[in-house]
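K.L.:
Residue strings, one per chain:
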Amino acid sequence: MKRRDFIYLTGMGASAAMMPSIPVWGKDVPLDTALDRIDPALKKRMADIALNAAKSRGATYTDVRIGRYLNQFVVTREDKVQNIVNTESYGMGVRVIANGSWGFAATDKMDTDSIAKAAELAVAIAKENSRLLTEPVQLAPQKGYGEVSWKAPIEKNAFEVPMKEKVDLLLSVNDAALKGGANYANSILFLVNEQKYFASTDGSYIDQDVHRIWPTFFLTKIDAKSGKFETRNALSAPMGMGYEYLQAGPEHKIKGITTLYKGRYDMLEDAKSAAEQVGQKITAKSVEAGKYDLVLDPSHLWLTIHESSGHPTELDRVLGYEANFAGTSFLTLDKWQSKNFKYGSELVNIQGDKTQPGSLGAVGYDDEGVGTKKWDIIKDGVLVNYQAIRDQAHIVGLNESQGCCYADNWSSVQFQRMPNVSLMPGKQKKSIDDLIKNVEKGIYIIGDGSFSIDQQRYNFQFGGQLYYEIKEGKIAGMLKDVAYQANTQEFWNACSDMCDESDYRLGGSFFDGKGQPMQTSAVSHGCATTRFNGVNVINTARKI
Amino acid sequence: MGILSKEEAQAILKKALSFSKADECEVSLDGSEGGNIRYARNAVSTAGDMSSMDLAISSTFGKKTGSATINEFDDASLEKVVRRSEELAQLAPPNPEYVSLEGPKTFAESITYNSATAAVNPDIRAEAVRKSLEVAKAANLEAAGFLENTTSFRAIMNSKGLFAYNKDTDVSFSVTTRNQAGTGSGYVSNSFNDVRKLDTLALTKIAAGKANGSAGARAIEPGKYTVILEPLAASDMLSNLVRGFDARGAEEGRSFMSKKGGGTRLGEQLFNEQVNIYSDPFNPDLPSATWNDDGLPVERTSWVEKGVVKNLSYSRFWAQKKGVKPLPGAGRIIMEGGSASLEELIKSTEKGILVTRFWYIRSVDPQTLLLTGLTRDGTFYIENGKIMFPIKNFRFNESPIIMLNNVEALGKAERNGSMIVPPMKIRDFTFSSLSDAV
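Chains as they are written, first to last, in numbering that gives the first Met the number 0: chain S, 0 to 543; chain B, 0 to 437.
So that you can see chain S by itself, here it is in the shape it has in the complex:
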């Protein structure tokens, strides 16, 4: 399915426009299709046809990805279901090295002839590309795993949940929001299931089952008298989970000025809180611009981590491969080589991780057959590593890939994508209240909002969903018109305190875009509530 059809079928218009991109989807899928998986033995036979065909044409390395990508989305506003859509895309991508160059071809015709032809075309393209070669591809060694499988540890496959249950949930969310005083309520449920098979000439045959879910809503409240309106979006996170994400118990809730969610999400409860808060936002005090200590909730800070830690440590950006689209990076190789570039304060420990259960980035093996792992990117505030794949590992002195390779579809070429990049929680036991009580003049920010950062990831500006003024260690009321501006290195060096792991939570992006033609990927970012001292806050109110 194309982005255009997605917008057309969902009637999402402006909501869809807020997203960086919508993945390419293919044909339809019956409601019970997730139960009906393709036999790995059949996939192995198809993969072997491609591996053998490529080898016979002179490929020195080949990998094959057979992918079945299922999506379902349910779109509602107020008391109406705008649409229910199911899609499926099924096909195969073959990537080869021949004459030292990469070549790629894909097909959705899964017969012997078409598969062999795709493999042969990939070899022909590699040979064509090798004419312009400056340096042959250097692949980090990778052992074969034999026939293995990995499944996301979900409890309840959301595709198998009756449609009525999903529709009822969304309509009850909208109803609660309207009863609570919101004028408009949109809610959406996105479900993704990637059934991926990988095979390579290294001797791996890997069958994987990946699940993702994202329930979200947008409320609007209008004050007819003043003509002002405010919005409040859901505090949910997209997750690498099944429908169990929507079944939260008391142990998944952190009670405070508003309820925060850890690992599970109570959509109805959040909608009720949101309806109340969107009304409070209308009459909230407009912030006075200046320097504030910021206490940032994980539902907000994940996006700052994504933009200012995740993107600048992508090795392809550092090397210039994304210069014309996503941008380059201020974290150049000389800063890493110096072993003393102070990215942040000593409290700042940031890890890359492709294994964390429930996260969007978690898989057993990446899209070039590398077993996943976690590693330090920022250690005690110092830049120590990047995010790399097999053909980049040698550039940063690694003898194995970090497992960051991903393609958003069988028809797309896999390349380096961001793993989960997370800020490690503090080692000392500390609650959110402990953090707030030490702040003289500050702002507590919950939820993600407006975001913008330059192409080398120095200067950023972020907004949120909820802003609370902190005066002498206490919450003093709600603020509005808040955005903070900072330089990445200054910001992370101003990191002064954080909660312990009992407060650690995941946020994430369903539609992170990179590459030309653009591909999307889903990625999580974890952290505990964290404090940053003396950050520049601007007032965003204007008169028109």
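Derived by calculation from the structure, the hints in this document are not laboratory data. Each hint should be verified, as a subset may be incorrect.
Listed next, the in silico DSSO-like pairs over lysine-lysine satisfying Cα-Cα at most 27 angstroms (straight line) [to be verified]:
#, chain 1, residue 1, chain 2, residue 2
1, B, 204, B, 346
2, S, 108, B, 13
3, B, 223, S, 542
4, B, 159, S, 79
5, B, 159, B, 13
6, S, 224, B, 320
Here's a subset of chain B near chain S, in silico, CB distances under 8 angstroms, partners left out [as the list claims (entries may be wrong)]:
#, residue
7, 39
8, 45
9, 95
10, 141
11, 143
12, 175
13, 260
14, 361
15, 396
16, 431
17, 436
Over 10 angstroms on every C-beta distance to chain S, these chain B residues come out as not near it, computed from the model [to be verified]:
#, residue
18, 304
19, 349
20, 350
Please read all numbers here as calculations on a predicted model, not as lab measurements. Beta carbons are placed, not taken as given, at the ideal position from N, Cα and C, and that holds for glycine.
Using the hints, position chain B against chain S.
P.N.:
Leaving out everything else, chain B in the frame of chain S:
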């Protein structure tokens, strides 16, 4: 499968509709063919040809609608996808906003298809990139770029007898050139309906000039400045504005077009008198289809005249509710300019800043349409009508509504991406902080 003729598309859509048991059914068929070539670090990194076609179907029983898509077109697959959308429709609660489909209509023939662009092949793309790389290497710069051409068609049909078909072509090119030290960067991008207008050599020369000219940028204080926005920068700001010209959002009270106490600001002088914005499917540089997805005709529409908002779009549901005619949204827009060249705008400026492009623009406040973003790839200080020196990039916080009130002068309009816009001289543009990014 790629590109189907009108008759071939019609046959598939008819076949799909013949399986329908729903009260109402609409089917759309999209196909595209094309290719791309990507380069970075002065070498080609990826290249490919693409061809795809898919069908989307919506079935409605009463007011219950379900949708499904497919990329296989044999009879069994077509029947399966129809049944699937019907199953989903039966599971959906009734949508009170459902409006019965449009009946048959005759649409004007569009001018969106260009046979020269449709004939672009891998050799033509490679040659275009070779010229671009030649310029970059000669200027001692490192280039990263992307060239993509597409030929596509779209056809819609519904159970009330409506049928429409359109075929179009497009080619887009962009390149970023950076110096070895990483202290200078330039960029250019443009799209054309007719590939004969694409000159990668000339465009890369512009990017190279910006890259070498922007090296050694000085920091100046953020604040309010007179700016000259090149068409690329101006179009970045305008795309956010046009989406707001919608009646429903305005009447619901949740748009910058909403009026205090209810109603809309239609007919109000929102912008400077020099501002005129319209859309026209027959503009030769920016043609578009003559119908939209709902089966409504797309005609020349005036959105802003002498700074007054003249029209808001109405969806079919909202039009029915309000008892007016539906009006498709703005889509590809044209802002009229003046006759001045960019050089003349610079010459007329006592103190100001020339902005090549903006980057990472995001909405900060939908009420005022306040946007934030950064300058990029060539920002220069102007004094006494001359470019004096390159300056470091700025973050801005500005609303296009305020910006279009502060228009001092407009230059000659030209196409950039999916818009035709003039370079603009704007006073009091708000830059709020400095960025170290190059």
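K.L.:
Now tell me if each hint is right for this structure.
P.N.:
Each hint tested on the structure:
no.	hint	verdict
1	B:204 / B:346	22 angstroms, holds
2	S:108 / B:13	25 angstroms, holds
3	B:223 / S:542	16 angstroms, holds
4	B:159 / S:79	24 angstroms, holds
5	B:159 / B:13	12 angstroms, holds
6	S:224 / B:320	24 angstroms, holds
7	39	5 angstroms, holds
8	45	6 angstroms, holds
9	95	6 angstroms, holds
10	141	7 angstroms, holds
11	143	4 angstroms, holds
12	175	4 angstroms, holds
13	260	6 angstroms, holds
14	361	5 angstroms, holds
15	396	7 angstroms, holds
16	431	6 angstroms, holds
17	436	4 angstroms, holds
18	304	19 angstroms, holds
19	349	26 angstroms, holds
20	350	24 angstroms, holds
Taken one by one, the earlier hints all hold for this structure without exception.
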